[in-house]
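There are 4 protein chains.
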Amino acid sequence: MSKARLEAFSDAVIAVAITLLALDLTVPDPEHGALLTQLGDHWPQFAAYVVSFFTVGIIWVNHHARVNLIVVVDRTLLFLNLLLLLFVVLIPFATATMATYLTSGSEDSHIAMAVYAVVLEGMALSFTAMFEWSLGEGRMLVAVPIDQRRKARLRGSIGTLVYAAVFAVAFISAPLALALAGVTAVYYVFAPVPHAGIEAEVEELTSGPL
Amino acid sequence: MSKARLEAFSDAVIAVAITLLALDLTVPDPEHGALLTQLGDHWPQFAAYVVSFFTVGIIWVNHHARVNLIVVVDRTLLFLNLLLLLFVVLIPFATATMATYLTSGSEDSHIAMAVYAVVLEGMALSFTAMFEWSLGEGRMLVAVPIDQRRKARLRGSIGTLVYAAVFAVAFISAPLALALAGVTAVYYVFAPVPHAGIEAEVEELTSGPL
Amino acid sequence: MSKARLEAFSDAVIAVAITLLALDLTVPDPEHGALLTQLGDHWPQFAAYVVSFFTVGIIWVNHHARVNLIVVVDRTLLFLNLLLLLFVVLIPFATATMATYLTSGSEDSHIAMAVYAVVLEGMALSFTAMFEWSLGEGRMLVAVPIDQRRKARLRGSIGTLVYAAVFAVAFISAPLALALAGVTAVYYVFAPVPHAGIEAEVEELTSGPL
Amino acid sequence: MSKARLEAFSDAVIAVAITLLALDLTVPDPEHGALLTQLGDHWPQFAAYVVSFFTVGIIWVNHHARVNLIVVVDRTLLFLNLLLLLFVVLIPFATATMATYLTSGSEDSHIAMAVYAVVLEGMALSFTAMFEWSLGEGRMLVAVPIDQRRKARLRGSIGTLVYAAVFAVAFISAPLALALAGVTAVYYVFAPVPHAGIEAEVEELTSGPL
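Residue numbers (the working numbering), protein chains in the order written: chain A, 90 to 299; chain B, 90 to 299; chain C, 90 to 299; chain D, 90 to 299.
It is worth saying that the hints were derived from the structure and are not from the lab. Do not rely on the hints blindly, as some may be mistaken.
Since the list gives no way to pick one copy over another, a pair counts as held whenever it fits inside one copy or between any two copies.
[To be verified] SDA-like, lysine to any residue: derived pairs with alpha carbons at most 20 Å apart:
#, residue 1, residue 2
1, Lys240, Leu112
2, Lys92, Ala154
3, Lys92, Asp113
4, Lys92, Ala218
5, Lys240, Leu230
6, Lys92, Asn157
7, Lys92, Phe279
8, Lys92, Arg155
9, Lys92, Val278
10, Lys92, Gly271
With the rest of the complex left out, here is chain A:
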């Protein structure tokens, strides 16, 4: 299994999952009242769509950053990568469930948001496992220096810690937990990549003048 095909397949799965997010948006029905009222009532769906869209988008970016540095693709990595994708593919389902219950005001709003947090936590833990795997001898194109390793681990931990926090906050207020997940996605979009220096070096090694 070449790295290129691992990336191509993962990209395709992530691309389909991010596009399926919009299937959760309910097309308003003329028999259910004024259109603007219906769209307004469905604001949790739109908020959930935006948060999940950027979350999946950033998963794609981070997946590339991770895999780009890897030299060998063994069975363990394939399994961890499938595990990661298993959680990514669950995101549209978790998003739809969460949005449906977000403003229900009942106990279920907490549980629906907790389910969403669990799926994202599973995704974050799969990433962590992939990172730990990559530290093994000869698995990375360029050995990660100890201090970069610590930084990368910390950055990865932010994900697992934040989604644990989203899980906890879910039981206080589901909309607050959604806001926290949204802030996390925006943070990751602009946060410096883990071992950016190495990545630049690798880009240079792996690509021609263009």
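Got chain A sorted already, so can you dock chains B, C and D onto it with the hints?
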């Protein structure tokens, strides 16, 4: 992040979104009357499908024209590209909503078409932002000459202006606004690409004899 | 627009469309009777799935054979290619409609099959237009010799003629028309490619030892 | 038809199919009782999702292992590959049907699981046919030594035998049959690839230093 992977991911998202447009077409139900009558009653769905199909098709073409000239992929570009895709992925939803209300004859037909225009305007503005980003020092393979820059800006503005017009016309007549969006898509299919000269030059630089 | 990106995008659209065919298969509902009876009652869905699957599969193969020989991608080709994809993306809808009415025994079974034939005819005509475009000066990697051109035209015409025949037969018997479409798909799978000799030559030119 | 395009198309179809598996997960409805109860009642959907996800994931891995060694792509291979994809695309449907009936306790739970087994058996047999085709003179990059051939055949047979066993066990207990299919997927994730030695050799031949 390499340009190639940015293109591949964007292509996949756009390809899935364009194909999901057909999911909005309602399969007629034998218990709802004669088939031809049902298909005829659903003409807004078919008209909306054709207009949105060519609109997304041309987004794909223009995306390529934009990204082809870019040298570096930084975090800002990634964010702008995700923003563009966020609106592209909303097009099937906006199309379905618009088609459902197009011939309702009520106030809602105007609002549904306005929502469609807002999604396309968001897409056009994301393109504009990507273009402005690309003007920064050293971000393009070949510096865009001032006059080509003006032409490209003008061409980009046509998109943002037209979808603003579609928004305005929506409140006069929804079908007229749809026709305007359709004419725009056809215009873009045949309009000369922005800096076509540069693109040809770049193709030559970036590809071999085949 | 490079040929590679045209192929990649078209491949993705065709791949999504062929996979969406299975969404038309109704998952049996425990409250609607014995499972085997339900599956048996839905045989038109399965027959339609198989015929459309091989039809879309062969469209993919033929698309490659066509595009592989092309040197330049201009706006006209982009438009014709989008037109082809527009019909391909309609196939799941046309298949679902046709399968729903296939055994209704009413006038509507004829009309539903005719709609299916119209979508396939539109696809076949788009292919023909792409072929005629490719005959223009300098558009093909290797000029197609006159006799091969005639053979290729004939082969393309088979498609347009057969789907016209499917249309006509639809008004006699919808299941018979479906069988004809199925036989056509099988024929194309095993029929020699149009200018196979040229293609082999091109493969040699465009690829390395592997 | 180049091998690269055969792989790219197959990858895209498999990626869409694996992502569509999650569409089978029912988003709980606030009017149908407590969320946790609903999620708990739907455990067969989640179990079926996990088993089918890893099954399709491993199909993707094995498809790569098979195609990677092939030199020529002829019409027969194209047909066999389409046949394989036809069964892969049916997996989401078969999974949804199986999950719907898994705990129904009636005769239908056996039949639904048998349908699932039949689809997987069809997939396994298509793989076997592709393998047998590949043994023809000059079709593989490196001739498969006789003993490796026997091992590969044995490994392929495990698939066809296991899914025959899943079919048989389905009539004793559907959940037991699902567990057997799950164990098979896990086995294939970690089982050594068929002619791994050859594959390594080929990777070396077909790729540069990276």
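- So which of those numbered hints doesn't the model satisfy? Violated: hints 1, 3, 10.
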